[in-house]
Amino acid sequence: MFKRSVRKGNYAYTVTRVKAKKSHLLKEEDYDKMIQMSVPEISRYISEAGYQKEMTDLAGKFSGIALVEHATYQNMANVFKSILGASQGELAIMVAAYLEKWDIWNLKVILRGKSYGVDASGIKEDLVPAGKVDEASLDKLISLDSVDDVLNEYSKVGKVTFPADVISEYKETGNAGVIEDFLDKFHYQRLLDSISPYTQPTKIFLDYIRKEIDVVNLRTIMKLKGEGIYGEQVMKYYIPGGMQIDSKFAQVLANAETVAAASGDMSRLEVYEDYIKPVMDSDNVTNKAVVTSIKKYQEDQAKKMAHMYPLSVLPVIDFMVHKETEVRNIRIVARGVDGGLSRETIKGLLVI
Amino acid sequence: MGAHDVTPNRSVLLQLKSKIKLTQGGHKVLKMKRDGLIIEFFEVLEKAKQMRAGVSSDYESAMEKINIATTVKGEIAVKSAAYALKADPQVKLSSKSIMGMMVPKVEADRIHTKIIDKGYGVITTSSYIEEAAMAFEKLLDTIVRAAEVETTMKKLLDEIEKTKRRVNALEFKIIPELKESERFVKFSLEEMERENTTRLKHLKKE
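Chains A and B are the protein sequences, given in the same order.
Start counting the first sequence at 1; every next residue gets the next number (the numbering used here).
Start counting the second sequence at 353; every next residue gets the next number (the numbering used here).
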């Protein structure tokens, strides 16, 4: 599926389409206005900002805040599919590999729903078909009875081979987390393989993904440290291929018993000085605060590559990152307003 | 049975005396038990107040965290993570004695599950969702402990009420009735004694 192609991508066409779409994305002032609105007003506002079709399509099924959430996800899925459909050659391979995370998201939703006993329509409602796997294949996965059948079918559809040790650990413990973690690692591995760093833009994209892997690894280490898990057990969740955190360094970070103990080693990281250190220096150091600041670094990295090499994969990825952020921000505003969160809290959660 | 419905003889009088002694002893013990239970009740009441405040604050914190998790990650992600949960919290029930009264002892077992055993992936599950899950685990733990204290408090109240009724019944009904019976038997015996003396005097004259 993601074999390296010698065929060059149709960058000019795809980037032009993407740029047109990017001009329609919501701006900071739109969020400022939305924060002052009620949920029905937000629904109307986003309908006028490009979400009309999905809001109308789903209005019969959902209402209020659920309609906003499902319609924005559906819109994102439609946009990503149109980009994937429009791109060709190596560009299509990279976009598909990048969007595979949504296939994995959907598989996780199906597996979790199946193990809990949610009916097919309930599972289908929660899917975000923004990846490469089409809706017919997703429907087939939902219709299967057991988790084993779902995994077998997905291994054909997604061209994934689930290792025997992962399957046996899942069967032994009944903990689907092992499958989910394998899929996340597999996604990054395949994404790295899909990028041929023979041009400067693809090299920048590769570096971006490698930095993202660093961020994911650092976040995982922090999360586990918060639970008092450190050492060899943490390395089970390590994703290889990062830029700064290789397995040796990951081991060093993993061995520190607390976040504070890992602080000295973390100072070697690019993310440390501007993002982690201010949190560590503050009075209230929590794992979540560190994890949130790492997330901010990841988003700033995406912003950095946005204006480099206009005819490359970078504007396409940049748009997809921004679209995901837009959907996230709309949901944060709508849910925040609905849940009675203060305007300051909502603003603090937004990524602009 | 009325105070006068007894056969007035010496054996009954002895029985009554012993009953009165026993009842007065029982009355004293029950009064002590009632006072002890009341002291215990106030201690448990204080604990229950703290537990209720704890449940209330833990609930608020858990709701705030789930609200933020739903806001940031969306309902779909939160719902999906909840479906994945494999945790099976257990509650151990046993009993302990407070002044002879059995009250439940509830111990929460396996309420907190480590992230690696929750049933969802560690790598991409949001820390907002994980934090909300932990807040609800804490709430469940507090609720279980509060259930123990609340049940103990209710049982103590019932027992105090029961003991109070017994003390009052002994103090105002049983002991006075027994004393009245004793007085009646004593009086009857004295009367019989006088009758006998008179009868003997008459026989001597004849």
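There may be inaccurate statements among the hints.
Said to hold, decoys possible - Quick look at which bits of chain A chain B covers, simulated, 3 or more residues with Cβ under 8 Å:
no., stretch
1, 50 to 60
2, 113 to 119
3, 146 to 152
4, 159 to 165
5, 181 to 193
What the hints assert, rightly or not - Only pairs whose alpha carbons sit at most 27 Å apart, straight line, appear in this in silico DSS-like list of lysine-lysine:
no., chain 1, residue 1, chain 2, residue 2
6, B, Lys457, A, Lys185
7, A, Lys61, A, Lys81
8, A, Lys124, B, Lys514
9, B, Lys431, A, Lys347
10, A, Lys81, A, Lys22
11, A, Lys81, A, Lys53
12, B, Lys431, A, Lys101
13, B, Lys457, A, Lys171
14, A, Lys53, B, Lys431
15, A, Lys296, B, Lys514
16, A, Lys295, A, Lys185
17, A, Lys8, A, Lys124
18, B, Lys457, B, Lys514
Keep in mind that the hints were calculated from the coordinates and are not lab data.
Glycine is no exception: its CB is placed at the ideal position from the N, C-alpha and C atoms.
Now for the hints, and whether the structure bears them out:
1. Chain B is given as covering the stretch 50 to 60 of chain A, and this is violated because 0 residues of the stretch bring a CB closer than 8 Å to a CB of that chain, at least three being needed.
2. Only residues whose C-beta sits within less than 8 Å of a C-beta in chain B count toward coverage, and the stretch 113 to 119 of chain A has 4 of them, enough to reach three; the restraint holds.
3. Given a C-beta distance limit of less than 8 Å, the hint that chain B covers the stretch 146 to 152 of chain A is violated, as 0 residues qualify and 3 are needed.
4. Look at the stretch 159 to 165 of chain A against chain B: 0 of its residues bring a Cβ nearer than 8 Å to a Cβ of that chain, fewer than three, so the hint is violated.
5. As drawn, the stretch 181 to 193 of chain A meets chain B at 4 residues by the rule of a beta-carbon pair under 8 Å; at three or more, the given contact holds.
6. At most 27 Å may separate the alpha-carbon atoms for a hinted pair to count; B/Lys457 and A/Lys185 exceed this at roughly 46 Å.
7. Distance hint between A/Lys61 and A/Lys81 is fulfilled; the C-alpha atoms sit about 22 Å from each other, no more than 27 Å.
8. This hinted pair does not check out: A/Lys124 and B/Lys514 have alpha carbons roughly 59 Å apart, beyond 27 Å.
9. At most 27 Å may separate the alpha-carbon atoms for a hinted pair to count; B/Lys431 and A/Lys347 meet this at roughly 24 Å.
10. The straight-line distance between the Cα atoms of A/Lys81 and A/Lys22 is roughly 15 Å, inside the 27 Å bound, and the hint therefore holds.
11. Note on A/Lys81 and A/Lys53: the hinted pairing holds, with a Cα-Cα distance of about 15 Å set against a maximum of 27 Å.
12. Restraint check: the Cα-Cα separation between B/Lys431 and A/Lys101 comes to about 19 Å, which is no more than 27 Å; the hinted pair holds.
13. A threshold of 27 Å between alpha carbons decides the hint, and for B/Lys457 with A/Lys171 the separation of about 36 Å lies outside it, so the pair is violated.
14. Taking the CA atoms of A/Lys53 and B/Lys431, the gap is about 26 Å. The hint holds against a cut of 27 Å.
15. Straight-line distance between C-alpha atoms of A/Lys296 and B/Lys514 comes to about 64 Å, which puts the hinted pair past the 27 Å bound.
16. Between A/Lys295 and A/Lys185 the CA atoms are separated by roughly 18 Å; this keeps the pair inside 27 Å, and the hint holds.
17. This hinted pair does not check out: A/Lys8 and A/Lys124 have alpha carbons roughly 36 Å apart, beyond 27 Å.
18. The hinted pair formed by B/Lys457 and B/Lys514 meets the criterion: a straight-line CA distance of about 22 Å does not exceed 27 Å.
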